[in-house]
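Please model the entire structure based on the sequences and the hints provided.
Protein chains in written order, with the numbering used here: chain A, 215 to 534; chain B, 319 to 617.
Among the hints, erroneous ones may be present.
List time: in silico DSSO-like cross-link candidates among lysine-lysine, alpha-carbon distance up to 27 Å [unchecked claim]:
{"hint": "1", "chain 1": "A", "residue 1": "Lys-407", "chain 2": "A", "residue 2": "Lys-514"}
{"hint": "2", "chain 1": "B", "residue 1": "Lys-466", "chain 2": "B", "residue 2": "Lys-383"}
{"hint": "3", "chain 1": "A", "residue 1": "Lys-514", "chain 2": "B", "residue 2": "Lys-466"}
{"hint": "4", "chain 1": "A", "residue 1": "Lys-407", "chain 2": "B", "residue 2": "Lys-383"}
What the hints contain is simulated information worked out from the structure, not anything from laboratory work.
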Amino acid sequence: MSPRARTAALCGAILAVALAAPWIAPAIVVQMAFLWLMILFALTWDVCGGQMGYNSFGNVVFFGIGMYVCAVIQRDAGLGYFTAVFAGMGAGAVACTAFAALLGPAMLGLRGPYFAIGTLGLGVAAADLAAATEYIGAGSGMAPPVYPGGAGSARFYYYVLMALAMLAWLVLRWLYSRRFGLAVNAIRDDEDKAEAMGLHTTRYKAVAWCVAAFFLGLAGGPTGNLVGFIDPRELAFAGPTFGVWMVLMAMLGGRGTIWGPVIGAAIFHVTQELFWTYLLGWQRVAMGLLIVLIVLFFPKGVMGWLAERWPRRFARGAVR
Amino acid sequence: MSNITLLFDTPVLALQLLADGILVGAIFALVAYGMALVWGVMKMINIAQGELVMLGGYVVIELAKVGLHPLAGVPVAAVVLFVFGWILYRLVIFRVVDRDLFISLLATFGLSILIQQLANGIFGSDVQSVDASLGTLLFFGGMLTLAKVKLIAFAAALVVGSVLFAFLRYSRLGQAIRATAQDARAARVLGIDTGRVYAATFAINAAICGAAGGLVAMTWIIHPYLGLTYTLRSFMIVIAAGLGNVAGVLGAGAGLGVAENLAGFVFGTEYQTACVFLLLVAILVARSTLLRRGRRYLQ
Chain A
215 MSPRARTAAL
225 CGAILAVALA
235 APWIAPAIVV
245 QMAFLWLMIL
255 FALTWDVCGG
265 QMGYNSFGNV
275 VFFGIGMYVC
285 AVIQRDAGLG
295 YFTAVFAGMG
305 AGAVACTAFA
315 ALLGPAMLGL
325 RGPYFAIGTL
335 GLGVAAADLA
345 AATEYIGAGS
355 GMAPPVYPGG
365 AGSARFYYYV
375 LMALAMLAWL
385 VLRWLYSRRF
395 GLAVNAIRDD
405 EDKAEAMGLH
415 TTRYKAVAWC
425 VAAFFLGLAG
435 GPTGNLVGFI
445 DPRELAFAGP
455 TFGVWMVLMA
465 MLGGRGTIWG
475 PVIGAAIFHV
485 TQELFWTYLL
495 GWQRVAMGLL
505 IVLIVLFFPK
515 GVMGWLAERW
525 PRRFARGAVR
Chain B
319 MSNITLLFDT
329 PVLALQLLAD
339 GILVGAIFAL
349 VAYGMALVWG
359 VMKMINIAQG
369 ELVMLGGYVV
379 IELAKVGLHP
389 LAGVPVAAVV
399 LFVFGWILYR
409 LVIFRVVDRD
419 LFISLLATFG
429 LSILIQQLAN
439 GIFGSDVQSV
449 DASLGTLLFF
459 GGMLTLAKVK
469 LIAFAAALVV
479 GSVLFAFLRY
489 SRLGQAIRAT
499 AQDARAARVL
509 GIDTGRVYAA
519 TFAINAAICG
529 AAGGLVAMTW
539 IIHPYLGLTY
549 TLRSFMIVIA
559 AGLGNVAGVL
569 GAGAGLGVAE
579 NLAGFVFGTE
589 YQTACVFLLL
599 VAILVARSTL
609 LRRGRRYLQ
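Have a look at this one:
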């Protein structure tokens, strides 16, 4: 089979399994919905982190903003349930993209550890602000309206998140195959040289961040509804969990590849669910240990390992 | 905004905020000095800095429960954390010292989560503190109150800072540490065991944090999740002051303490930490924008 046909077959198989999954295993629909969310997290983090070399610890800000915008529209706009959800998702995505465009040029002027810690500060500040603002329920959180179709809620949001993750994958794959992909890779390899070659680095960096923000903003709304309760620190702006996991998942799968974040997210999420099941009480400790171990011993990830093992098949350019 | 006019109407209140801020700022400066030491010598940023502070606090609290006075507990905490830091270096940190900065950042982030969760499991998630029962000084007929323990913490921070300064300047190991900071390769050529120097540096940093944690436990509160705020504060102080600038670190620490107190008073305490972190982002962006005029960037 040609590589193209092979990729198409693989994608078809994944799609078929994903569509059937909620009917095959109805007991774990929520966990599977979170799997798609994790894939989306890792993919969007990788736009800046892996492809462009700007390691952000604060992308979770966009996720939280999207979630709150959606919930506020559902609460206050007076629309029907499904109209409100989709309007809220759209508004969340627009708000996040605008926020990223506004903040991008200033934040992305920082490099290396300064960018990483600056975004970390942004994430913590957002959590604190959300936890102090009465309009969105402050520290006691917010509950989105109840799903009208009864028990079908989890399944509905499973399909929404699945569609979003797949859409993100397709859009990013398309973007990476264009000039955009080359440009952000050039910025990662040597930003000063890229700029000297006439690339508008600031513009590309801001666009890359906006792309990530757009998808995270879209995903916020459905996640808030799926969980049914928005806690500012534990769910919306969960920097020490989601914010770090994004980085870890992309790293575990292989930074700077299109399949890496998907594989990393899948492995990470399954491991995490197993921890919750079998190590209850110590699952967070195990999580911390896992993070350290991945960073110390497996920083190139699955794709990096495959590329070293079978360079002809998996090295750069072969995986498309 | 009525709070701002209140500040101008009652200068004693402003003085109170100022004094409290400077006193607590000295503790921040201590933690930041440790971070600057590790950053300068080992070329890595330790995100688990705040967790070391937290552990130091718990050592003092646990010792106080068995009857040791908290002030006597502070040096013990420093020693315990020194050993802990050495072990941590031998187990984890030595693997990331000469690697990409991002790797060390992420590895220490993982460590911080690990330590924080272990502390949560061992000590519980309750907010704890320890009462040194030293009384309070009153000025202006009771308008201005200064807890003696805060003054002592301030003095202790200054003492630790100056001892460290003298140690780095005059002792054999301190000279080796400074040589490694300047050029690790040349130091190795000249026969300095840089691995040992790194271990000592990290352990000293942990000891400083441990002492600071003890002081925090006396003057403030300790809970398993406070680490990240101390890490970010010290990062902020270090970038405001620059590496290897002791007076600058102390000044920036005091400034941060005052800014934090003022923000808490003006906007309300629930916004206090958010203001601090927005200040961090603002400082970073301002510094990089200034540098960018000369086509340079923070590094």
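Right, here's what the structure says about each hint:
| no. | hint | in the structure |
| --- | --- | --- |
| 1 | A/Lys-407 with A/Lys-514 | holds (25 Å) |
| 2 | B/Lys-466 with B/Lys-383 | holds (21 Å) |
| 3 | A/Lys-514 with B/Lys-466 | violated (53 Å) |
| 4 | A/Lys-407 with B/Lys-383 | violated (60 Å) |
The structure fails hints 3, 4 (numbered hints given earlier, in ascending order).
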